[in-house]
Structures are given as structure tokens and as C-alpha cells.
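Between the sequences and the hints, there should be enough to build the whole structure, so can you do that?
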Amino acid sequence: MILPFVREGRTGSVAVTVERVDDPAAIGQTVEARDFPCLTARVTYPEHGYGAMFGWVQMVRSTDGAAGGDAFGMDPFVLFPDSRSPYCYFGLNPTLFDSPARLDREPMSWLAHTFLAWTPIAETIERHVVPLVGFDWGFDVDATGDVAIRDAAPLPDSAWTDHLPFLVARHPTWTFARRPTPEADSE
Numbered sequence: 077m078i079l080p081f082v083r084e085g086r087t088g089s090v091a092v093t094v095e096r097v098d099d100p101a102a103i104g105q106t107v108e109a110r111d112f113p114c115l116t117a118r119v120t121y122p123e124h125g126y127g128a129m130f131g132w133v134q135m136v137r138s139t140d141g142a143a144g145g146d147a148f149g150m151d152p153f154v155l156f157p158d159s160r161s162p163y164c165y166f167g168l169n170p171t172l173f174d175s176p177a178r179l180d181r182e183p184m185s186w187l188a189h190t191f192l193a194w195t196p197i198a199e200t201i202e203r204h205v206v207p208l209v210g211f212d213w214g215f216d217v218d219a220t221g222d223v224a225i226r227d228a229a230p231l232p233d234s235a236w237t238d239h240l241p242f243l244v245a246r247h248p249t250w251t252f253a254r255r256p257t258p259e260a261d262s263e
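My numbering puts the first residue of the sequence shown at 77, with every later residue one more than the last.
Source of the hints: derived by calculation from the structure; they are not laboratory data.
Bear in mind that the values here come from a model prediction, so they are computed numbers and not experimental data.
Glycine is no exception: its CB is placed at the ideal position from the N, C-alpha and C atoms.
Certain hints may be false.
What the hints assert, rightly or not - Label-pair restraints from in silico Cβ distances:
(1) 84 x 237: 19 to 29 Å
(2) 99 x 240: 34 to 44 Å
(3) 237 x 107: 21 to 31 Å
(4) 110 x 198: 43 to 53 Å
(5) 78 x 240: 37 to 47 Å
(6) 224 x 103: 16 to 26 Å
(7) 144 x 86: 36 to 46 Å
(8) 254 x 108: 34 to 44 Å
(9) 216 x 149: 13 to 23 Å
(10) 103 x 156: 11 to 21 Å
(11) 232 x 203: 22 to 32 Å
As C-alpha cells, then:
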């Protein structure tokens, strides 16, 4: 799936693939990851340096999570679970990679809302997140332990807006644009 976006009048895209893990070792995973999904989202954008800095914000709703599948929570990079940043990845045209897996194959549902965003870097550094494009993806494990992968699908702008109360509460030192548009408002 290719998702276009516009940042400061320039067009970019995100190439998203969700694949079944056949060889866990090939992606640095343990054997338990076999049959679970593996996501790669690659950013293409015509600028360089600071002009190509983006971040990934990912929230997950999982029936085996703390909220029991009733609410989304942040999905930080495994090495930085206590980070106060809303971004799980940040850098120059950053590639998002994720490979959620479970040790036990108990019935469950796992759904991610994933957003490419950017933080404007100007004369005054402000922690402001501007969403550009979003998609969802995930998996379900049935009673027999079989894993059904949910392919990536574009999210409507309203999905970001729905997450704003949570993002603002979870990251009080950051501000968040209300919608994925180049002229986005601040929250």
C-alpha cells in the first residue's frame, strides 16, 4: 500500500507492507514470532537533513493488554518504554519496523493505529506533533492458535482526532495538531 502525504507543500509517500513471518531469525525475532505479522513502513520525501525529519506515533489496542482491549495505549520502541516522547521512531525519513508476537497462542486481538508525523524545527524549538497520514494493521489469534493478519488500511483523519485526548494526557509537555493537514490547528 502506498499512502501519499503533503508536508509544507511538498509531496511524499509511505510504502507499507505487512507480511507473515516465515523466518523469525531473518528479522531478528525469536521462534515465537512465526506466523505473526511483520510491518515495514518506508518514507520517501524529496527534502534532506532537518527537512526530512519525521516520526512515527503508534498506539495499540490489544485484548491481552492492560486495558483488556477497551482502549488504545502507546506502543513505544522496546528499548525506550519510559520515554516521554510520543514517537516510537524518529529520524531522517525513518522506516518503521514492527513485529508483534506472543509466547502463548491464546485467543486475542491486536490492532495498531500508526501515524507518520513531523515536528517543525524553527528558531524556537517547540514540541509540536503534526500528523501527516495514518493507517491501521494488526492480527487476531483464534481458539486453535491460528494467526489471522489484518492488512494495513488507511485511517480517516478522524482517527487522529479521536486519539487527541489520550495523547494530550499522556504527553503533557507536547502539543498536537488537531488533524492531518498542512494547516493543522494546535490542541
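Tested hints:
1. The hinted window of 19 to 29 Å between residue 84 and residue 237 holds, with their beta carbons roughly 21 Å apart.
2. The beta-carbon spacing between residue 99 and residue 240, approximately 39 Å, falls within the hinted interval of 34 to 44 Å.
3. Residue 237 and residue 107 have their C-beta atoms about 40 Å apart, which leaves the hinted 21 to 31 Å range violated.
4. Taking the beta carbon of each, residue 110 and residue 198 are about 46 Å apart, inside 43 to 53 Å as hinted.
5. For residue 78 and residue 240, the hinted distance range of 37 to 47 Å is not satisfied, since their beta carbons lie about 27 Å from each other.
6. Evaluation of the 16 to 26 Å hint for residue 224 and residue 103 yields a pass: the beta carbon distance comes to about 20 Å.
7. A C-beta distance of roughly 42 Å is found between residue 144 and residue 86, which places it inside the suggested range of 36 to 46 Å.
8. With their beta carbons about 39 Å apart, residue 254 and residue 108 fall inside the hinted range of 34 to 44 Å.
9. For residue 216 and residue 149, the Cβ-Cβ distance of about 18 Å falls inside the hinted range of 13 to 23 Å, so the restraint holds.
10. A C-beta distance of roughly 20 Å is found between residue 103 and residue 156, which places it inside the suggested range of 11 to 21 Å.
11. Separation of residue 232 from residue 203 is about 26 Å and conforms to the stated range, judged on CB atoms against 22 to 32 Å.
Violated hints, in rising order: 3 and 5; the structure is consistent with all others.
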